[in-house]
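> The lines below spell out each chain.
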Amino acid sequence: MQKKDLKVLVIVPAHNEEKSIGATLEEIKEKAPFVDIIVVNDGSTDATAEIAQRHRVKVLNLPINLGIGGAVQTGFKYAKLKSYDIAIQIDADGQHDPSYIGSLIKPLVEGTADIVIGSRYLDKDPIEAPLIRHMGIKYFSWLTSIIIGYKITDCTSGYRALNSRAIEYFSNNYPVDFPDAEALIMAHKAGLKIVEVPVKFRKRSAGKSSLRSLRLLYYPLKETLAILKLITKKEDH
Amino acid sequence: MSHALQLATLTGIAILLYVLYLYRKGKLKEDLTIMWILISVAIILLSAWTDLLLVINWIVGASRISELVLAGFVAFLLIISIYYSASLSELAEQNKKLAQEIAILKALIDEDRPNNLNEKDGRSHES
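Chains W and X, in that order, give the protein sequences.
Just so you know, our numbering puts 46 at position 46 of the first sequence, and the rest follows in order with no gaps.
Just so you know, our numbering puts 101 at position 101 of the second sequence, and the rest follows in order with no gaps.
Chain W on its own, in the form it takes in the complex (with noise of 0.2 angstroms):
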């Protein structure tokens, strides 16, 4: 199939993001006109809902404040709901490079994966994190590799893409909180094939990062022990 006959559904997850939401969804526009946006609204306080809806997209408004797996799980509801081949999740604050869209669906198109990671691991020159979180991520990473037998450099990046298959697996099966190494271990059980293509980031616009101050530390845990669960139960196929 090729990319024009492709219908593509961008997933934008914002929670008060109002001051970057505006600048990312006009560069999505600029550099993949050929894909639809969608904005989930995740419970935002602020103006977010009416400058996406002013910059002429389509809104889903949760009513109260899901999490960003809860959130994102939405948009994939609404992919399968609309029969779109292709959705991409890109972070509202601007990390997220619009530019990559293409290289990001190009293993979907090929058939070689059913989940596209953008890795800013595979990046010749990757973006400096923290130490903390730069060694979570490098810890998920190596535990998820262990697990679905293949190297994963940046199981935690929010910048996917997903084929038809996948959309329909995680529109039924999707974590609240944080879908990172969890996501992607359980669309392994499923029999998902995952590849990861380079990426590079941004730092972010504006907005604060759904993991700081106390949830950093409750990230690990909650991740580890959704990875034990999934070790101990059958498989999913």
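No lab work stands behind these hints, which were simulated from the structure alone.
It is possible that some hints are incorrect.
Unchecked claim - Using C-beta positions, here's what the derived DEER-type ranges look like:
#1 Val176(W) x Leu105(X): 18 to 26 angstroms
#2 Leu78(X) x Ile132(W): 32 to 40 angstroms
#3 Lys27(X) x Lys31(W): 53 to 61 angstroms
#4 Ile64(W) x Leu108(X): 17 to 25 angstroms
#5 Arg113(X) x Asn173(W): 28 to 36 angstroms
#6 Ile82(X) x Gly191(W): 31 to 39 angstroms
#7 Leu217(W) x Gly72(X): 29 to 37 angstroms
#8 Leu70(X) x Asp46(W): 50 to 58 angstroms
#9 Tyr84(X) x Asn65(W): 17 to 25 angstroms
#10 Glu27(W) x Ile109(X): 23 to 31 angstroms
#11 Ala14(X) x Leu217(W): 40 to 48 angstroms
#12 Ile132(W) x Lys27(X): 43 to 51 angstroms
Said to hold, decoys possible - The calculated BS3-like cross-link candidates involving lysine-lysine, where the alpha carbons are at most 30 angstroms apart (straight line), are:
#13 Lys229(W) x Lys97(X)
#14 Lys96(X) x Lys19(W)
#15 Lys7(W) x Lys106(X)
#16 Lys229(W) x Lys151(W)
#17 Lys106(X) x Lys19(W)
#18 Lys7(W) x Lys200(W)
#19 Lys80(W) x Lys106(X)
#20 Lys82(W) x Lys97(X)
We treat Cβ as the ideally placed atom computed from N, Cα and C, and that holds for glycine.
Got chain W; can you put chain X on it based on the hints?
Here is chain X on its own, set in the frame of chain W:
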């Protein structure tokens, strides 16, 4: 019967009546009603029939009846807490599904409305 045991019996009866009242009003589901009826009956039996308490105490080997009652009470509270944690997790999952359905349905309704901002997106592939 000591005053403390009399008080316990009365408490058990009060809990039983309150549970039945809540159930009749439709404020308590069947499974939870049965659980609380069993608990209140256990309180009434153990406090009104002290020999039963003595037999359990002898079987368990506690040095005092008060220790036995306290340990039983703590164990009961822990089990109830775990049960409610599980119920909360299930409710959170259901809540998430409902919120997602609402968001998608609202967007679909908006798509059907004329002059909607979302409709102006000329690049839409929607059928």
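> Evaluate the given range 17 to 25 angstroms for the C-beta pair formed by isoleucine 64(W) and leucine 108(X).
About 19 angstroms separates the Cβ atoms of isoleucine 64(W) and leucine 108(X), which means 17 to 25 angstroms holds.
> Do lysine 27(X) and lysine 31(W) keep their Cβ atoms within the hinted range of 53 to 61 angstroms?
Because 56 angstroms falls inside the window, the suggested range holds.
> Mind checking the alpha carbons of lysine 106(X) and lysine 19(W) for me, to see if they're no more than 30 angstroms apart?
It holds: about 25 angstroms lies between the C-alpha atoms, which stays within 30 angstroms.
> Taking 40 to 48 angstroms as the stated bounds, is the beta-carbon spacing between alanine 14(X) and leucine 217(W) within them?
44 angstroms, holds
> Evaluate the given range 43 to 51 angstroms for the C-beta pair formed by isoleucine 132(W) and lysine 27(X).
48 angstroms, holds
> Take a look at whether the Cβ-Cβ distance between arginine 113(X) and asparagine 173(W) falls inside 28 to 36 angstroms.
Given range 28 to 36 angstroms: holds, Cβ gap about 33 angstroms.
> Could you check the hint for me, namely that tyrosine 84(X) and asparagine 65(W) are 17 to 25 angstroms apart, CB to CB?
23 angstroms, holds
> Against the 30 angstroms threshold, does the CA-CA distance of lysine 7(W) and lysine 106(X) hold or violate the hint?
22 angstroms, holds
> Using the Cβ atoms, figure out if valine 176(W) sits within 18 to 26 angstroms of leucine 105(X).
20 angstroms, holds
> Regarding the pair lysine 7(W) and lysine 200(W), is the alpha-carbon distance no greater than 30 angstroms?
Roughly 25 angstroms separates the two Cα atoms, so the pair holds.
> For lysine 96(X) and lysine 19(W), compute the direct alpha-carbon distance and say whether it is at most 30 angstroms.
27 angstroms, holds
> Falls inside 23 to 31 angstroms, the C-beta gap from glutamate 27(W) to isoleucine 109(X)?
Holds: the Cβ-Cβ distance is about 29 angstroms, inside 23 to 31 angstroms.
Of the hints listed earlier, there is not a single one the structure fails to meet.
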